[in-house]
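Enquirer: Chain by chain, the residues run as shown.
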Amino acid sequence: MASISSTITERKQFNQVGTRPVRPDGVDKVTGRARFGADVSAPGMMVGKVLRSPHAHARVLSIDTSRAQALAGVKSVVTRDDFPELAEGTVERLREDSIYDISCNVMAREKVLYEGHAVAAVATTSASIARKALALIEVEYEVLPHVTDVDAAMAPNAPVLHETLFTRGVEPPPQAPSNIAERTQIVVGDVAKGFTEADVIVEREFRTEAVHQGYIEPHACLASVSEDGTCDLWCTTQGHYAVRDTCAQILGMELSSLRVTASEIGGGFGGKTTVFIEPVAVALSRKAQRPVKIVMDRDEVFRASGPTSSASMTMKIGITKEGRITAGEGEFRMQGGAFPGSPVPYGAACTFAPYDTKNVRLISYDVVTNRPKQAAYRAPGAPMCVYAMESVLDELAEKIAMDPIELRLINAVKEGKKSAYGPTFGPIGLVETLEEARSHSNYDQPLGPNQGRGVAVGFWPNYGGATSVSLTTNTDGTVLLSLGTPDIGGSRASMCLMAAEELGIPYEKVRATITDTNSLGYNDGTAGSRVTHSAGMATIQAACDAIDKMRDRAAKIWDIDVEAVVWDDGYAKPASSNAGEFDPMSFAEIVAGSHSTGGPIAGHAEINAEGAGNSFATHVVDVEVDPDTGKVTVLRYLAVQDAGKAVHPSYVEGQYQGGAAQGIGWALNEEYIYGDDGKLQNPGFLDYRMPVASDLPMIDTIIVEIPNPGHPYGVRGVGETPIVPPLAAVGNAVARAIGRRLTELPMSPPKILSALER
Amino acid sequence: MVRVCLGSALSTVAGGRTELYVEAGNIMQLLKALGREYPGLTPLIERGGVAVAIDGQIYNNALLQTVPADAEVYLMPKMAGG
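Protein chains in written order, with the working numbering: chain X, 255 to 1012; chain G, -7 to 74.
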């Protein structure tokens, strides 16, 4: 029996959750009807384009826009002078990022900090005029020494990006600025003593390059500022409320004067959780009093949006010959581009989380360099740190001749064990993922010459967040869901499934819409694996709110107390014979007459979702290395992960497969390549090699379901964790295939050949 | 009194202390008390950079969440995601 009030009880049986209906947005997407960011237009629309720095590091001495402004067809030009001077250190409303840094990133102030940094923008009647106008803007630079490598940026004599940046987290506080924004640490137990208890110790240095999320759809937006100062902004984003809040704060607007509508989104993976061109478009439109559309080209996406960090790492682990980890020590150095905020502490927290380890010491450094400001990328920071950790663990397994899954099972955390970062775990499914991986047929496949099998484990703690949902009933028995979380991974279908489940009506009767910021209460963005958990929780609560109202209508119709009415699989029923003899009243009957029995029936939920359950995964990959070319072919890939409860299993499997594919690219080919001039050498998909379907085998998946007690249906977020293990899994497979361990990603053919020649 | 464990990432701004005791019935009271007693934590708390784990459950932004006196309480950096 379903819940009889808005107090949600945990479900054990499901009628619709766990099925695989066709995605409601599928037809529009395969026919080209879906409107993505660049598809929006408005009458009288201007073309916006951005002038970007050719230098990696330079002082902007002057900007002369007079010739551009005099060009026919130019309606507005903006520079730093059109953006209010914010106080340094200003915290972004509702978020941890510095709004000051974001503001300086969308339009450079006294210095440009990376090649591609915006210095001016124009709104014109055509793209060709825009290009001419940009060429007419005269910027006088004083070129400064630059640094793009994380280790070089930490060196004592490195060029300093910010004269006001003093390292946090060190005692005594430094007297001189540097490129090290923060030092953090995780220390558990006695590491020195732990290493004395080890029979085998391995220590290695690792490096990973920066990679881009590689979303197919570039950043695009259209801003239209009215004469009264209000603004409509359409954009591709993972969080349109965050876009609203950030733009409003940068431009000194009230939140209620800026309405943001999220388009369909062609991928984000974390890279669309912040703003780049949106405040610029609003500023241009405000000045031109015309709608202004900006669409980044792919070159701009690479040079001037937010890739993830590159990393330089040291990892040392000791184990007994029986396979128990006795101590782990790591140092992680990540550059997050030109502003503080690399995800290094998150990554460090994830390294030893899967293992019951008594002695751990992890030091993290957040470093700035002359590269674009990094943005989130699935499980920010974790893939790199876990790559170092799981690589060393794999080498230790080889040294004691132990099966790599067995080694991980010996040390795996379970419910009731303390995590390396502090709190005690509740119900978790790491052991189950390891056992499922070991039992899968892939793990028994014989390997031929130049072939190797790699195993790695990944973890992400997941996140909840502020969420609002409205559920409206129609008199024909259909339901409309209003959601504020852009649908990236199929969340509309998942929300419809949960609403249908709770209401007891067919899935086909429920439709979901992503509303604009004026139509629904605040929502955190679609990030951090939070939507199925948090928007799902809010959807269930909104459905329960509507159910309470329908019970109340039935009670009034039957003239009995509302407490004597229960909701059971789509019907209002008397709770017992003591309540009276009444025929059950269906959802369709109640809503059909609702306008005459008290008014339309709707349900709402505005929550701060907590209870996001931890997610663990185990990946197994087989590769073959061509000794003549250095090319690595992925032969088989298995991703096993705990989803708590898979609401739409196809979407869950898609998350596992997508994370694995992205991680394979990170491991084998993808990298930001900088020249000595501090300029990006490969800002396009021809030279930035991402895996495509023909590069990969079918990625096998297993969904483990250990219910999360923090969600009424047991749901855990699944979007972050799948990208955590692949770097190490592929690295371990390559090491076993060629008998040598590479410690730098990507393991591109030249590096493989070089290793083979050693 | 609630016993609050500080991850070592935060202990450096709390004078090296890894365990703190404060009077608090919910997370808001706990954070205010911690800020009063250990001013080094205040900037991080004010910019929303901390989460509180109560008996293993991580609360990122639930100021009114009850904190039982006998609970395992950890103060830790907030983690969001991509």
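The hints are simulated quantities; they were obtained by calculation from the structure and are not laboratory data.
Just so it is clear, the structure is predicted and the values come from calculations on it, not from any experiment.
Cβ coordinates follow ideal geometry from the N, Cα and C atoms, glycine included.
Accuracy of the hints is not assured; some may be wrong.
Claimed, not checked - Here are some chain G residues the structure puts well away from chain X; computed CB gaps all over 10 Å: (1) 25; (2) 27; (3) 29; (4) 31; (5) 34; (6) 62; (7) 68.
To be verified - DSBU-like mimics (lysine-lysine), calculated; alpha carbons at most 30 Å apart, straight line: (8) 70/G with 671/X; (9) 668/X with 24/G; (10) 570/X with 283/X.
Enquirer: For each hint, tell me whether it holds in the structure or not.
Expert: Hint-by-hint comparison with the structure:
1. 25: 19 Å, holds
2. 27: It holds; residue 27/G is separated from chain X by about 15 Å at its closest Cβ, greater than 10 Å.
3. 29: 19 Å, holds
4. 31: With a cut-off of 10 Å, residue 31/G remains clear of chain X, as the shortest Cβ separation is near 14 Å.
5. 34: With a cut-off of 10 Å, residue 34/G remains clear of chain X, as the shortest Cβ separation is near 13 Å.
6. 62: Check passes; 14 Å lies beyond 10 Å.
7. 68: 6 Å, violated
8. 70/G with 671/X: 21 Å, holds
9. 668/X with 24/G: With Cα atoms ~33 Å apart, residue 668/X and residue 24/G exceed 30 Å; violated.
10. 570/X with 283/X: The given pair, whose Cα atoms are some 48 Å apart, is violated under the 30 Å limit.
The structure fails hints 7, 9, 10 (numbered hints given earlier, in ascending order).
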